[in-house]
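**Q** The chain contents come next:
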Amino acid sequence: MTLIDLANYDVVYRRPEALTNVQTHYCPGCTHGLIHRLIGEVIDELGIRENTICVAPVGCAVFAYNYFNVDGCEAPHGRAPAMATGIKRVMPDRVVFTYQGDGDLAAIGTNEIIHAAGRGEDLTVIFVNNANYGMTGGQMAPTTLVGQVTTSSPYGRDVELVGMPMRVAELISTIPGASYVVRRSVHNVANINKTKAAIKTAFQVQMAGLGLSMVEVLSSCPTNWHMTPDSALQWIEDAMIPVYPLGDYRVADAVEPLTKRRQPAHQQNGVTGG
Amino acid sequence: MARGTIVVETDRCKGCELCTTVCPQDVLVMSDSFNSRGYKPAVLVDPAGKCTGCGLCAVICPDAVLTVFRLPTVVKTGRASFAISQAVAA
Chain A
1 MTLIDLANYD VVYRRPEALT NVQTHYCPGC THGLIHRLIG EVIDELGIRE
51 NTICVAPVGC AVFAYNYFNV DGCEAPHGRA PAMATGIKRV MPDRVVFTYQ
101 GDGDLAAIGT NEIIHAAGRG EDLTVIFVNN ANYGMTGGQM APTTLVGQVT
151 TSSPYGRDVE LVGMPMRVAE LISTIPGASY VVRRSVHNVA NINKTKAAIK
201 TAFQVQMAGL GLSMVEVLSS CPTNWHMTPD SALQWIEDAM IPVYPLGDYR
251 VADAVEPLTK RRQPAHQQNG VTGG
Chain B
1001 MARGTIVVET DRCKGCELCT TVCPQDVLVM SDSFNSRGYK PAVLVDPAGK
1051 CTGCGLCAVI CPDAVLTVFR LPTVVKTGRA SFAISQAVAA
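Here the protein sequences come in this chain order: A and B. Just so you know, we're using the working numbering here: the first sequence kicks off at 1 and counts up by one. Just so you know, we're using the working numbering here: the second sequence kicks off at 1001 and counts up by one.
Keep in mind that the hints are not guaranteed to be accurate.
[What the hints assert, rightly or not] Quick look at which bits of chain A chain B covers, simulated, 3 or more residues with Cβ under 8 angstroms:
id	stretch
1	9-16
2	20-29
3	189-199
4	221-234
Keep in mind the hints are simulated off the structure, nothing from the lab. Cβ coordinates follow ideal geometry from the N, Cα and C atoms, glycine included.
Can you make the complete structure from the sequences, with help from the hints?
**A** This is the structure:
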């Protein structure tokens, strides 16, 4: 094997500083790790690593405070927005974000997120929707798709019995206190980049004091879906996105300028392109 | 064509194979041997120097185990030497 002298190479990508140097406990191919990485990159780019507080949920991401190289604490199940509210009100100069799954935010903690949005708290909420309760073994969640087989819905989700999947981004977007509510996905590289841009905007919304910002991310769960990591990403595109359409559900007028793409340098300098 | 290379942090790779699905040059393959955690990690097999350092593998990697390098089109001189260990530890 030939060794390459890296002295002449530029570093195009390296692990963000906002992630700790440990191996996560997530299953191989689980996009929790990917979403952690995107948040880490955003924290690095905004230069807020020393000023950020993470509130971890209960669920697969219960050890999130071990993986982000920022201050963090662990909330009771579903109560991350309530705990984050307290932290943010005591230390309003800090950037506070919660990282919650669908069992945490959309089931036991539904009222916490609704009232945090209702109060218009300056928080950033990263909501990871993988259509089941991953940590406890893949049971049916409020976000489980109609007909989806889980360990607690072995014949598929029955609408007569448990109703339709809950669309959280649409729900929260009806609350005026939530100023930035979007749904993104991580099923391919283009959408991963869009997700990162949305997470960055969500943090900027908080830093500008514009109210609650939430990014719902459609995520894969290869282990409990009984798929390979690659086919799980394909299943997000084929099955989940038709039920959970991607898009911007609420972008308040004050948030609008933050969502604009940065202009190319020659336009910023007033030089017209050829 | 840009020239690049990657460094895989082998012991933290979980062998999910997602990087191999997005590599436009098909120079990422899964190793035949196990790492310390019992996974078969991704390795760069690039004898022809086809890697362009596009970084798609790093974008999709759920465990952030990839560091991506690219050769500048104009080779800079007098730069401080960049050790692999520094890149991996960062």
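**Q** Would you mind marking each hint as holding or not holding in the structure?
**A** Evaluated hints:
1. 9-16: With 8 residues in contact (Cβ-Cβ under 8 angstroms with chain B), the coverage given for the stretch 9-16 of chain A holds.
2. 20-29: With 7 residues close enough to chain B, the hint holds.
3. 189-199: That given contact holds, which follows from 3 residues of the stretch 189-199 of chain A lying within Cβ reach (below 8 angstroms) of chain B.
4. 221-234: holds (count 5)
Violated hints for the displayed structure: none, as all numbered hints are satisfied.
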